[in-house]
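A.B. asks: Full structure from sequences and hints, please.
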Amino acid sequence: MSAMTECRETTPEFTGVERAVINRLQTGLPLVYSPYAAVADELGITEEVVLNTLQDLLDRRILTRFGPMFHAGEMGGGLTLAAMRIPEQDFENVTAKVNEFDEVAHNYRREHELNMWFVLATEAPDDIARVIAGIESSTGYPVYNMPKEEEFHVHLHFPV
Amino acid sequence: MSISTSRSDQNYMLCALDRKLILATQSGLPLVPDPWGALGKELGLPADEVLARFQRMQDAGVIRRVAAVPDHYRLGYRFNGMTVWDVHDDAITDMGRQVGELHFVSHCYRRPRHLPCWNYNLFAMVHGTSREEVEDKASQIHDLLGDTCEGHTILYSSAILKKTGLRLRKT
Numbered sequence: 001m002s003a004m005t006e007c008r009e010t011t012p013e014f015t016g017v018e019r020a021v022i023n024r025l026q027t028g029l030p031l032v033y034s035p036y037a038a039v040a041d042e043l044g045i046t047e048e049v050v051l052n053t054l055q056d057l058l059d060r061r062i063l064t065r066f067g068p069m070f071h072a073g074e075m076g077g078g079l080t081l082a083a084m085r086i087p088e089q090d091f092e093n094v095t096a097k098v099n100e101f102d103e104v105a106h107n108y109r110r111e112h113e114l115n116m117w118f119v120l121a122t123e124a125p126d127d128i129a130r131v132i133a134g135i136e137s138s139t140g141y142p143v144y145n146m147p148k149e150e151e152f153h154v155h156l157h158f159p160v
Numbered sequence: 001m002s003i004s005t006s007r008s009d010q011n012y013m014l015c016a017l018d019r020k021l022i023l024a025t026q027s028g029l030p031l032v033p034d035p036w037g038a039l040g041k042e043l044g045l046p047a048d049e050v051l052a053r054f055q056r057m058q059d060a061g062v063i064r065r066v067a068a069v070p071d072h073y074r075l076g077y078r079f080n081g082m083t084v085w086d087v088h089d090d091a092i093t094d095m096g097r098q099v100g101e102l103h104f105v106s107h108c109y110r111r112p113r114h115l116p117c118w119n120y121n122l123f124a125m126v127h128g129t130s131r132e133e134v135e136d137k138a139s140q141i142h143d144l145l146g147d148t149c150e151g152h153t154i155l156y157s158s159a160i161l162k163k164t165g166l167r168l169r170k171t
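Chains as they are written, first to last, in this note's numbering: chain A, 1 to 160; chain B, 1 to 171.
It is possible that part of the hints are untrue.
[What the hints assert, rightly or not] Taking lysine to aspartate or glutamate and the EDC-like style, the derived pairs with C-alpha atoms no more than 16 Å apart in a straight line are: (1) B:20 / B:49; (2) A:97 / A:136; (3) B:163 / B:71; (4) B:20 / B:42; (5) A:148 / B:89; (6) B:162 / B:71; (7) B:41 / B:18; (8) B:163 / A:136; (9) B:162 / A:100; (10) B:162 / A:102; (11) B:162 / A:123; (12) B:20 / A:123; (13) B:163 / A:150.
Since the hints were derived computationally from the structure, they do not count as laboratory data.
C.D. replies: This is the structure we're talking about:
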C-alpha cells in the first residue's frame, strides 16, 4: 500500500538527457576503452554529462544499479523460482523467515492463492534442494519449486 | 544466446580473477572515464586484461550485459503482471518462442506444473503503467496462443518483500 502511494508521488518526469541515458544504458555499455565517452558520442552529449546523469539517477534511486548483470545459471550455480501458500495471519512472520536466507535474491508478494514468490540463487546447483528443505523446516509450509525448463527470451527494457 | 555455451562446454569456469572482478563490480561499475583502468588498479591488473575478461564473460553468457537496472516502479511501470499459461506440452516450445518475441514480454520461461493446484507451464512477465495495459497485453498473448492454451491467469505483485539481486558470497 505504501509502495503504491510512493509511486504516485514520484510520477516520472524526465529530461531529454535523462531519457536518453536511461534508454541507452539499459541495452548495455559497449565493452571498449572509454565506454562512457562512446555512449556520449552516440547520444550527442559529453562524457561528463553521461557520468553525472548516471550518478544522479542512481542517487535518486531511479536506477537500482549500474553494472554487470549476471546470469547465475551460466556461473555454474543453481537458480530457481519458488512459490508458497501462506495464510494471511502468518504472512509477515514467514516473510521474515524466508528473507533470512541469503540465497533468496528477490521475493514478491503476489495476489493469488500462491502468494509468495521468490528467486533462489546458489553458488552450487545442488544447494537448491538443501535451501528449499531449510525453508520448509524453518517455516513449516511446503515450497513449490519451479525451475526453468526452457528459456525463451529475456529482454528487460523499459523505455521512458 | 549463451545457452549453447553452457550445454556444449559445460559451464564457463570462473577463475579466481573473474570472481574478484565480479565481487568488485556486483554493486556497480566505477563511474569514471576509464572504469577498466580503475578496476585494474584496484586488483593489480592491466586495463586491457580487465576489459578482455569482461568481454569473455559476456561472450560466455556469464554476464548478460553491463547495464543500467531501473527501478521499474519509478519509471512509471507500476503494474508488474506475471502471466501464466497452461499450454499443450507438444506446442510449448514453439509457442514459448513466439510469446518471448513479443516486445512487451520481459522474461519468458517454461516451468513445471504442480498438479492439481498449479497447471500453468508457461510464464511471461509483462509490465505496464496500468492494470488495463497489462490486461491488454495478456489478451494479445492469449490471441497468439489460440487453442494451444487451456487456461491462464495474471499474478500481480502487491509488495516487494526483498530485492537484493544475485550476489556471490564474499567467503
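A.B. asks: All hints are to be evaluated individually against the structure, with a verdict given for each.
C.D. replies: To see whether the hints hold, each was checked on the structure:
1. B:20 / B:49: At roughly 13 Å apart (the allowed maximum being 16 Å), residue 49 of chain B and residue 20 of chain B satisfy the hint.
2. A:97 / A:136: Given that 16 Å is the threshold and the Cα spacing comes to 10 Å, the pair holds.
3. B:163 / B:71: With a Cα-Cα distance of about 10 Å, the restraint between residue 163 of chain B and residue 71 of chain B holds, given a limit of 16 Å.
4. B:20 / B:42: Roughly 10 Å between the alpha carbons, so the hint for residue 20 of chain B and residue 42 of chain B holds.
5. A:148 / B:89: holds, 15 Å
6. B:162 / B:71: holds, 13 Å
7. B:41 / B:18: Status holds; Cα separation ~15 Å.
8. B:163 / A:136: This hinted pair is violated, its Cα atoms lying about 21 Å apart.
9. B:162 / A:100: holds, 10 Å
10. B:162 / A:102: Holds: residue 162 of chain B and residue 102 of chain A sit about 11 Å apart, inside 16 Å.
11. B:162 / A:123: With a Cα-Cα distance of about 19 Å, the restraint between residue 162 of chain B and residue 123 of chain A is violated, given a limit of 16 Å.
12. B:20 / A:123: holds, 15 Å
13. B:163 / A:150: Answer violated: residue 163 of chain B to residue 150 of chain A is near 24 Å, above 16 Å.
Comparing the model with each numbered hint stated earlier shows that hints 8, 11, 13 do not hold.
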